[in-house]
Each structure stands twice: as C-alpha cells, then as structure tokens.
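Colleague: Read top to bottom, the protein sequences are chains A and B. So the first sequence is numbered by the numbering used here: it starts at 1 and just counts up by one. So the second sequence is numbered by the numbering used here: it starts at 1 and just counts up by one.
Honestly, I wouldn't trust all of these hints.
What the hints assert, rightly or not - The calculated lysine-lysine pairs, modelled on DSS-like cross-linking and capped at a C-alpha distance of 27 Å, are:
1) Lys29(B) to Lys370(A)
2) Lys49(B) to Lys376(A)
3) Lys49(B) to Lys370(A)
4) Lys49(B) to Lys340(A)
5) Lys93(B) to Lys3(B)
6) Lys376(A) to Lys51(B)
7) Lys29(B) to Lys340(A)
8) Lys93(B) to Lys376(A)
9) Lys32(A) to Lys57(A)
10) Lys370(A) to Lys93(B)
11) Lys110(A) to Lys120(A)
12) Lys29(B) to Lys10(B)
13) Lys340(A) to Lys93(B)
14) Lys125(A) to Lys110(A)
15) Lys110(A) to Lys51(B)
16) Lys340(A) to Lys10(B)
17) Lys370(A) to Lys66(B)
18) Lys10(B) to Lys370(A)
19) Lys49(B) to Lys110(A)
20) Lys66(B) to Lys116(A)
21) Lys66(B) to Lys110(A)
As the list claims (entries may be wrong) - Covered stretches of chain A, going by a simulated chain B footprint (3 or more residues, C-beta under 8 Å):
22) 107 to 121
23) 407 to 413
Don't read these hints as lab results, they were simulated from the structure. All values derive from a computational prediction rather than experimental measurement. We put the beta carbon where it would ideally sit given N, CA and C, even for glycine.
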Amino acid sequence: MIQTPDAVEIAPGTHWIGALDPGLREFDIILKTANGTTYNSYCVRGTEGVAIIDTVKASHAEEFFRRLEQVASYDEITTIVLNHLEPDHSGALPELMRRAPQAKLYISTKGQLMLKALVKDAALKYNVVETGDHVELGGRTLRFFTTPFLHWPDTQCTLIEEQGILFSGDVFGCHFCDARLFNDQVGDFRFSFEYYYQHIMRPFREYVLNALELLEPLPLKLIAPAHGPILREAPLSYMQRYRQLASPLLHNEVGANNKSLLVFYISSYGNTARMAQAVVDGAETVPGVRVSMYDLQAGGNLPFVDLIEEADGLAIGSPTINGDAVKPVWDLLSSLAVIKVRDKLGAAFGSYGWSGEAINMIEDRLRGLKMRVPIKGVRARLIPTEEELALCRDLGVQLAQHLSGTVQNRVISMSELFAQEQSHA
Amino acid sequence: MPKANVTFEKLGITVSVPAGTRLIEISEKVGASITYGCREGECGTCIMKIKSGMEHMSERSVLEDKVLQENMAGRSDRLACQAQVLGGDIVVKA
Chain A
1 MIQTPDAVEI APGTHWIGAL DPGLREFDII LKTANGTTYN SYCVRGTEGV
51 AIIDTVKASH AEEFFRRLEQ VASYDEITTI VLNHLEPDHS GALPELMRRA
101 PQAKLYISTK GQLMLKALVK DAALKYNVVE TGDHVELGGR TLRFFTTPFL
151 HWPDTQCTLI EEQGILFSGD VFGCHFCDAR LFNDQVGDFR FSFEYYYQHI
201 MRPFREYVLN ALELLEPLPL KLIAPAHGPI LREAPLSYMQ RYRQLASPLL
251 HNEVGANNKS LLVFYISSYG NTARMAQAVV DGAETVPGVR VSMYDLQAGG
301 NLPFVDLIEE ADGLAIGSPT INGDAVKPVW DLLSSLAVIK VRDKLGAAFG
351 SYGWSGEAIN MIEDRLRGLK MRVPIKGVRA RLIPTEEELA LCRDLGVQLA
401 QHLSGTVQNR VISMSELFAQ EQSHA
Chain B
1 MPKANVTFEK LGITVSVPAG TRLIEISEKV GASITYGCRE GECGTCIMKI
51 KSGMEHMSER SVLEDKVLQE NMAGRSDRLA CQAQVLGGDI VVKA
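The following block holds chain B by itself, in its conformation from the complex:
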C-alpha cells in the first residue's frame, strides 16, 4: 500500500501513514495543537497550514473550498477533517 510521511513541524514528529489517511486522524493521535469542531467540513475550526507537500494532498472538494474561502484562509491552508494525504512527504505547521 502506498505510504505518505507527514511531519508535524512544531512537535518534531514524522508519521508514516497509508495513502488516503485524513490529516485529522493523524493530528489527533500525535497531540498537535489543532482543535476540532464539527469534523464534517463545516465549521472551519480545524484549519491547518501545509508548509510543503501540498501536491501530495487530495484536491479541495467544493465544500472544503467554500469553508476555506469563508474563513479567508490562504492557499496553504486545508481543513484537517477533509484533506487526505496521498503519498510523498508533507510538512504541516502544527
């Protein structure tokens, strides 16, 4: 199964995960300083900054895009509860 390596910069931890894992599944387990609200891509609470490796993330869905825009998020921001890692190396600011 393809793997992705997700590094949580502030925590100093890299997690090797199966492709398709949502960021929230990993960030919760490692204790990153991200809070989670609805977990359904509506509230925008779990916005997370991707430092590098955005090309290894799933495309933004229409729903995620709408919520990010409403929250005036930047290009490097994703919703942890929606974004999936697809492979390669990804670094998040958390």
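For reference, chain A alone in the conformation it holds in the complex:
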C-alpha cells in the first residue's frame, strides 16, 4: 500500500490529518477488519482560527501530530471538536491539549461523562454544544448537530457551512484502510460500509432516522467520516443507503394494526415441537396477531435475527439437556446485540427429562436483553400431557393478547408473585 506521510487537502483550507492502521485485523473485539482501518481527523483553517476535528487512537498519535504540523502550528489552534469520545478518536486529545493549551474544546452534552472518564483531569475545561450552536473561524463556520446514539450517547456531527463539508464521526464511516483516502479512488468498499452499519449503527436505527431528518436537508458536497474513505463522489447516496437500511421493512407484510409473534423451537424427540405448535395454536385464536413458527435446527442465525428485528414478540422453546438450554438457542440469543430488542415481548417453554432449567435461563437472558417477560413459561416433563399442551395454548393466547393490547390488567400481591415463582423453580 502507498503510505503517504503527508496531510491531504480535501477542500481549500481543510486537510485530512488522520492516521492509517493497515495492520489491524479486529476492531473492538466485535468487528473483523480485512485491510485495517483509518482514524480520520481533520484540520480546518479560517482567517481567525484553526480547528482540529477529532483525533486518533493513542497508538497512532505520532502520525497524527506529524501531519498536523505540516498544515498548522500548535499556537494557531483555537478550536478542538470531538464528535465522538471513543478512545480511537480521543486517544491523542490529552497530548493535543498539552501542546495547544489555548484551544477551546467542544463536545456534546452527553460527552461530558465520557470525557471525564477518559481524561482524568478535574481542571479540564470544555464547552458543551448542541444542534444550532456554532463556532466562527473567520470565513469558516462550524455548525454542530447533535446525533445521539450513533453509536454512543455522545455522538454529534459538525458542518463547515461555507464548504458543505460534514464531519460525521462514525456515521457513514467504515473500517477500510486505503491511503488513496477518497471514495472514488479506493475501489469497492461496499462490503465494509454495509458491515459497519450492520454491527455499529443497526441497534440504533430509530436514532439513525432521527439524525437523517437533521442531516438530509443540508447542502452537502462532501462527507468526512471518522473511519474509512472520505465520501466526495455522490455523498448523498450514502445517506440514502442509511435511510434504506434503517427503515422498518414490514409495512406491507403485516397490516398496519397487526402485531407479529415468532415462535422458535428446537426439539430432539418432538416434545418441545408439540409444545411450540400448541403455543402457535393458542396465539392464532387472537385476532390482529400474525404468528410464525421456525425450527432453530433448520435456519441460520442471521435470517432469524432479521426476523426478530421486525417482530413484536418471540417465544423460544428449548429442551433442557444437561441442565442447560441447548447451544442453538444460546447462539441465537447471543446474536441479538446487533438489533434493538428492548421492550419486545418474550417467553420460553420446553420439555425436559430431569430438571428443566432451560426455561428460567432463557427467561433471564430475555430480561437481560431488556425484553418484557410477563408470563411465566411452560415446562413439561418428557412427553407433554393434554393439560400441559393446554397450558402452552394458554401461553400463546396470553402472549397474543399482550401484543394486541387486549390483555386485562391483572392485580396480584407480592406473596402471590413469590408463590408463582416458587412453582416454577
């Protein structure tokens, strides 16, 4: 790869001064990076001041300072903006502030807690900005847009008004390392852009849509993210792609007023499968709820994660083997971190031989995912009896009633709650 030692002008008076990390193969444990990544930071020169937008990972600070020094001296820096405080963007901040002590630091309101946790200096001074606030550099106006949860609470974007350049932080970024820097120069990086969205932004898609409402009306000529290629060719197409990816897909498949319930099961002797069918039979008696059933043995996690993202509730059936739910169930439940499942309805059921721990364990995991688990699951020893199948049908009915909003408000005492729990222990 061509390694440039130089700062790169991306528009008159505005330079990329970031760092390349081509050797990185895994980012933050969760992402594979086949050709590494970049930590993009930028220097904006006005007639009355110089701003640095974001810094780099601490391990790459030297490279960042070398490029910075090519386009500005430290005493010229009036402004430092951090769009996002994760260590790969704030790593060089303490040293930058030491070298440019006169510079004013600008972060979002929610960045304060993280800043204090990263820079352990009680005397640290900073300014908090929100959508609508701006900083003048002389002929260059930096305008701030608060875009929370893309992908941390603190994230914001910064626009150079006069040039239509958006410093977007992690939004529209990706882990892709190519010293040619620009999207029209680096070749095909779509896989990386999509992969980054799926793992970083997807759990926050409602916030993505909120941010797009703010950003789409801007007259943008270039998007300069904090990782990966700088988007100067058709920058708006990347924004459109975000809108496509973040928009719920099921407008047509489920009627506007209908809710969807997914029943997943896995079964070694057909007992948990029969229970699953009973849950489905019960749920289908409630109008306004579309119920679908899937065998976990015959599907991959990725399509199931897609299904769950769009669903309103899910019930999971697992046998208990060696005191645990079975691996395909845990594989699915550990794959849900990339989507938002908070407040979806959840339940568990299953057949067991000796002890039947799987149900409680699955329920605990669903609660850990911030799902609602209001109805205790159904367990059956080996072959379910007619009574136990009736309980499964009732579980289905109750789940569907919760989803359709037809459940009657229940009044219960604390001691009854305890008794209910004991009966399932």
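Given chain A's structure and the hints, the job is docking chain B onto it.
Modeller: Just chain B, lined up with the frame of chain A:
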C-alpha cells in the same frame, strides 16, 4: 402493614406490596423490561420512569440523586434499585 399498589403500565399488571419494598424487588418478579447492573445505586442501568405517584416514593438519597444527575435523568426518573414505595398508587412506565 401499609400497602402500596405498583402498576407496570406496559405489562398490564398491578402488584400490591408492603410499604418499604424497593422497586427492583417488584420489577424483577413481574418480568419488566428493566435491566439491572450493580444493584447498588452506582451504575444507573436501572433508571425507571414514574408516570404517577412520585409522592408515594421514598426521597432520593444523595447517592441516587448524584447518579441520576450524571445520567441526565429527568424529574420523573428513579433508580429501581434504590427507590422504595411507601404507600398509595404508583404507575411506572415498564
């Protein structure tokens, strides 16, 4: 013993509890969509919105107040692991 009625709005369930019960003890039992971190009033994970009946809740302790402020919580927010119900009717958004 004085009782309080705590309604979990999204779940459609009202629990009658002895005065002095912490919200977390109830929310865990009914399966509300609240997660719990440290359970000691430090992490702010279990912030819960009180829709009505805040006057029937224990006062915020200095610790709870600090954590809520750090998390930019609103006036109607409480930490489930710290707040106790004292009586009357309370409705929580969970």
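Colleague: All the hints need checking, so say for each whether the structure fits it.
Modeller: Against the structure, the hints come out as follows:
Between Lys29(B) and Lys370(A), the direct Cα distance comes to roughly 14 Å. Compliance with the 27 Å bound is thereby established for this hinted pair. For the given pair, Lys49(B) sits about 24 Å from Lys376(A) by alpha-carbon distance, which is consistent with the 27 Å threshold. In summary, the hint linking Lys49(B) to Lys370(A) is supported, as the alpha carbons are separated by about 15 Å, within the 27 Å threshold. Annotation: proposed proximity of Lys49(B) to Lys340(A) holds, straight-line Cα distance about 20 Å (limit 27 Å).
Between the alpha carbons of Lys93(B) and Lys3(B) the distance comes to roughly 20 Å, so the proposed pair stays at or under 27 Å and holds. Between the alpha carbons of Lys376(A) and Lys51(B) the distance comes to roughly 26 Å, so the proposed pair stays at or under 27 Å and holds. For the suggested pair Lys29(B) and Lys340(A), the alpha carbons sit about 23 Å apart, so the restraint of at most 27 Å is met. Between Lys93(B) and Lys376(A) the CA atoms are separated by roughly 21 Å; this keeps the pair inside 27 Å, and the hint holds.
For the given pair, Lys32(A) sits about 17 Å from Lys57(A) by alpha-carbon distance, which is consistent with the 27 Å threshold. The straight-line distance between the Cα atoms of Lys370(A) and Lys93(B) is roughly 13 Å, inside the 27 Å bound, and the hint therefore holds. Of the supplied pair hints, the one linking Lys110(A) and Lys120(A) holds, its CA atoms being roughly 17 Å apart against a limit of 27 Å. Of the supplied pair hints, the one linking Lys29(B) and Lys10(B) holds, its CA atoms being roughly 15 Å apart against a limit of 27 Å.
Note on Lys340(A) and Lys93(B): the hinted pairing holds, with a Cα-Cα distance of about 18 Å set against a maximum of 27 Å. For the hint pairing Lys125(A) with Lys110(A), the CA-to-CA distance comes to about 15 Å; that is within 27 Å, so the pair holds. The suggested pairing of Lys110(A) with Lys51(B) holds, with an alpha-carbon distance near 24 Å, which does not exceed 27 Å. Proposed proximity of Lys340(A) and Lys10(B) is supported: the alpha carbons are some 17 Å apart, at most 27 Å.
This hinted pair checks out: Lys370(A) and Lys66(B) have alpha carbons roughly 24 Å apart, not beyond 27 Å. Annotation: proposed proximity of Lys10(B) to Lys370(A) holds, straight-line Cα distance about 13 Å (limit 27 Å). With a CA separation close to 19 Å, the supplied pair Lys49(B) and Lys110(A) stays within the 27 Å bound. The suggested pairing of Lys66(B) with Lys116(A) holds, with an alpha-carbon distance near 15 Å, which does not exceed 27 Å.
Between Lys66(B) and Lys110(A) the alpha-carbon distance is near 16 Å, which keeps this suggested pair within the 27 Å criterion. Proximity of the segment 107 to 121 of chain A to chain B, defined as three or more residues with a beta carbon under 8 Å from a beta carbon of that chain, is established by the 3 residues found. Here's how the segment 407 to 413 of chain A fares: 7 of its residues keep a CB closer than 8 Å to some CB of chain B, so the rule of at least three is met and the hint holds.
Of the numbered hints listed earlier, not one is contradicted by the structure.
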